[in-house]
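Position chain B against the provided structure of chain W, taking the given hints into account.
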Amino acid sequence: MINHNKEVSRDDLIQEVLDFASSSSSDLEPTLSVSEINEAISMAVSEAFSEDIWVKGEIQRLNFHSSGHIYFTLVDAGKSSAPSTIPVTLLKWSASQIKGDLREILAEDREVRLKVRPDFYAPYGKMSLQVSDIDTSFTLGNIALARRVLLEKLEKEGVLRDNALLPLPQLPINLVLITSVESAAYHDVIDQLRLSEIGFNIKVINALMQGHGSVVSVVSALKHSKKYSPDVILLCRGGGAKSDLACFDTEEVARAIIAMDVPVLTGLGHQIDVSVADLVAHISLKTPTACAQFLIEHVREATEVIDSLAEEIKDKTFNVLQTKETRIANISQRIAETSYLLDQCEIRLEGYKISIKSSVKTALARAHEQQTFFKAILKSSDPARILERGFSLTTDTTGKIVRSVKDVSDGDILSTRVVDGEIKSTVNKGK
Amino acid sequence: MPAKKEPKSYAEAVEELEEIASLLDDRNIDIDLLSEKVKRAHELVEFCQKRIESVRFEVENILEEAQ
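Which chain is which? The protein sequence lines are W and B, in order. Mapping of the first sequence onto our numbering: position 31 corresponds to residue 31, and the numbering continues sequentially without gaps. Mapping of the second sequence onto our numbering: position 21 corresponds to residue 21, and the numbering continues sequentially without gaps.
Read the hints as simulated data drawn from the structure, not as lab findings. Relax, there's no trap hidden among the hints.
Derived BS3-like pairs: lysine-lysine, alpha-carbon spacing no greater than 25 Å straight-line: (1) W:324 to B:39; (2) W:324 to B:5; (3) W:203 to W:223; (4) B:5 to B:39; (5) W:286 to W:223; (6) W:361 to W:375; (7) W:324 to B:37; (8) W:324 to B:8; (9) W:126 to W:92; (10) W:324 to B:50; (11) B:50 to B:37; (12) W:99 to W:115; (13) W:316 to B:50; (14) W:314 to B:50; (15) W:424 to W:400.
Keep in mind it's a predicted model, so treat the numbers as computed, not measured.
Chain W extracted, bound-state conformation (with noise of 0.2 Å):
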């Protein structure tokens, strides 16, 4: 688009530049005012493009202005030291005609190929780039073989999964929240933490998350995250499908995210694109609120799990406690039998008793036969039954058994007994 204060052809502005020289004193060559040069060189910068033409540079100064317009500087891409460097616009009903997240194409530092028209702005004498179209397979094409060489990059060093690999910890309840504070993703994410009335412990780390010093600011958080010692730490930026990943793309970010000794989960909203950060994260997810669901949902299984192992315990726990009493119990049974063993003893006992008493009969049996025998022998050596028989036994006076008649004298009196009775007689040899 080009500015004229006032619609004039170039041949009129050169005929009016003429005759301002010719009135003038003649030792004086002519001179144009300021607005004078401005529109001719304004002029002759649109008749030399007639037409849109491609150019390609780095982005640097990006600024989506609130008036729709976005503005950036353009550098030739890869020259650090003193750069060609011009301003561009890409004005809001131009930017409407463009396919594509202009979020995601447009980033600080990113080259692209933009069709332009070079425009000479009259009134401040600027020159700048008038955007009417974007390259933009151009540019996704460089985002994603930019993004291929980090990746094989860092694979090839071995750290790519190294944020993966590490275990997520069955109960992160200690957090770190790296986002832009008061942003939708900071919301969501509190949000739904508060509501799952787990206990978690978030610590909440401001940062830049998209557009110049972002990259700073995120690595930064990272680093910082540290003194936390969090379980998990959360990288999150909301924004919807209008998204700026540049960030997230660059190598100094990915190695702040392998640097990490816990895991860091991502949620940096996007819908259709990955990231290198989501790549070398624990676990990438598409947004803030996703992240935290999977929080919520993770340290409930766990507590299921934990729930499940207590009641377990309990169980077994209580069956081996049931266990214990009913052997107890047998024990205890077995030695209350002792009665039966007592009872066993005097069952014995009484057989003992019995075979006593039947030995004693026998023997005393044994005994009276025996007796009986001795008493017939004596009853049959009874005197009584000898004198019956008719013999006699005669004794002295002094009661002596008179045995011999050398046992007797004359006029010794004697008693001889027979079996009815006593006789006394005089002792008489008769010679």
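Frame of chain W; chain B shown alone:
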């Protein structure tokens, strides 16, 4: 006979109880030892039951606190 000391542990008590029970199973136990053994067995049973009860109480308390 002097009373035997308290068992060192539940396991020790059960072991001794099993010994006494086996002895009594034998039926040929010396009758003079019988009352002594039964008395000891009762002491051990009481010890074991108390131990089980106290463990059960402790476990219930722990589980209650955990909830």
